[in-house]
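A.B. asks: Here are the chains, one letter per residue:
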Amino acid sequence: VTDEFRSRLVHLIPRLRRFAVALTGDLDQADDLVQETCARALSRVAQWQEGTRLDSWMYRIAQNLWLDHIRAKKVRGAHISLDVGDISGTDGRVVVESRLSLAAVSAAMADLPQDQRLLVALVCIEGVSYKEAAEIAGVPIGTVMSRLARARRQLHASLEGEPTLSVSKISVKP
Amino acid sequence: MTHGPTPESISDETLMRFVDGDLSPDEQSLVAAEIARNPDLTKRVDAFRFTREELPGAYVSTLRVPPQLMERFLCAAGPAPNDTKPRLTARSVLERLNLRRQVMALAACAALLLAGASGWLLRDSLRPDYAGLVAPPSLQRALDETPSHESAKLAADLSIRLTSTFGSLQRRWCREYNMLYANRVQASALACRGADGIWRVEILEDLSDPSQPSTDPNAIRPAGEDREQHGRKTESVAEYRDRIMAADVSLQDEAKLITEHWKRTP
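Chains as they are written, first to last, in the numbering used here: chain D, 108 to 281; chain B, 109 to 374.
Treat the hints as calculated values from the structure; they're not laboratory data. Careful: at least some of the hints might be erroneous.
Said to hold, decoys possible - Per the computed footprint, the stretches of chain D lying under chain B, defined by three or more beta-carbons under 8 Å from a beta-carbon of chain B, are:
#1 119 to 128
#2 139 to 151
#3 231 to 240
Said to hold, decoys possible - Pairs of lysine-lysine, DSBU-like flavour, derived with a Cα cap of 35 Å:
#4 B:Lys151 with D:Lys238
#5 B:Lys371 with B:Lys261
#6 B:Lys261 with B:Lys364
#7 B:Lys261 with D:Lys180
#8 D:Lys238 with D:Lys180
Glycine residues also receive a C-beta, built at the ideal position from the N, C-alpha and C atoms.
Next comes chain D alone, as it looks inside the complex:
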């Protein structure tokens, strides 16, 4: 484990945790997932190629671990256990970051199919490109765009109560 790797991993952990919360919809499960992802990364650091994106590699590890977990436990969708108490800061004060609460967004995310939730977490929350998301998710970029567009329309409708208006040229089964 090189110093550079250590430093980059430490700096990546907050984002990895945010990604895990978006993916699992549950803080406890997210923290378990981050722990497992770090453990897996540290034990397989030789597989990471210097010069490639560490965040993409870590997201892929987290995604695979989560899918394994879902298969093993037959978890259906995300667990919604996020409430105001769960997101208070370390000093006990609740900090309002957004007009949307984490609980509300997590509930809406939980209604999405797992593959769509993953893409929303990667692109909308983590800000990765479609191409990187396609590589992490292991699907063609066209599939990323169609799934993502569908997921975002559904989230908007669910969180803003807007009717779903859509015109899609690409028809992809989930």
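Given chain D, put chain B in place with the hints provided.
C.D. replies: For chain B alone, coordinates are given in the frame of chain D:
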């Protein structure tokens, strides 16, 4: 792009790419003009703007990782490849790992703990002229409260054993200690307490040489050997201690310092 925008028909995927800045400049301008002309397009594009601009804010609180949680993440040793069981304990991991991997896991843990608490790189901590690396909370407590020749637990299977206390030439209290993982000495280190009451790790010497794998936990290793690291000779903890030490502290005086919360200056 796979589906270029036309004034007559703009797909949701294209609107999404417009919002995400994924179109070429020409396409971006064309779509922007169409959106300005067509209220239906404005409504449709709202979903993509909303999810781009509003969703991340809901997750901001999750970016704050408490130090204890950071320690937990970083001290996780590597599970077996096909294991999906959450919350693996260090003990269960050790049952499956060989010694070299244990040593690597600890080295990573020790370094990451330090880096995680302060954001500094481990290599900085190995520089003899390094200004000081803030010790994580569990280590601060252990250095404040643990007498020499006694151990303090930092995390599961991770502990330190204090070896000595002395006053430095810079008039700071300094303590030398060994880091143990699964009862094996893995590193020797020296931390000094600043005027702000914070212990900073001055130097950390990796002792996890695979050619010297076994160490009796009751027989603490001196950290006085010259070592080659990354092809260059580095100063050992003992050499560093000898360079900065002004006066040794007896066990009785050390007990007083602990009781008085290190108020007195050397």
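A.B. asks: Hints first: check each against the structure and report whether it holds.
C.D. replies: Right, here's what the structure says about each hint:
1. 119 to 128: Our answer is that it holds, as 6 residues pass the Cβ test (under 8 Å) against chain B, meeting three.
2. 139 to 151: Holds: 11 residues of the region 139 to 151 of chain D have a Cβ under 8 Å from chain B.
3. 231 to 240: holds (count 5)
4. B:Lys151 with D:Lys238: With a Cα-Cα distance of about 27 Å, the restraint between lysine 151 of chain B and lysine 238 of chain D holds, given a limit of 35 Å.
5. B:Lys371 with B:Lys261: holds, 24 Å
6. B:Lys261 with B:Lys364: Given that 35 Å is the threshold and the Cα spacing comes to 22 Å, the pair holds.
7. B:Lys261 with D:Lys180: holds, 34 Å
8. D:Lys238 with D:Lys180: holds, 30 Å
Of the numbered hints stated above, none is contradicted by the structure.
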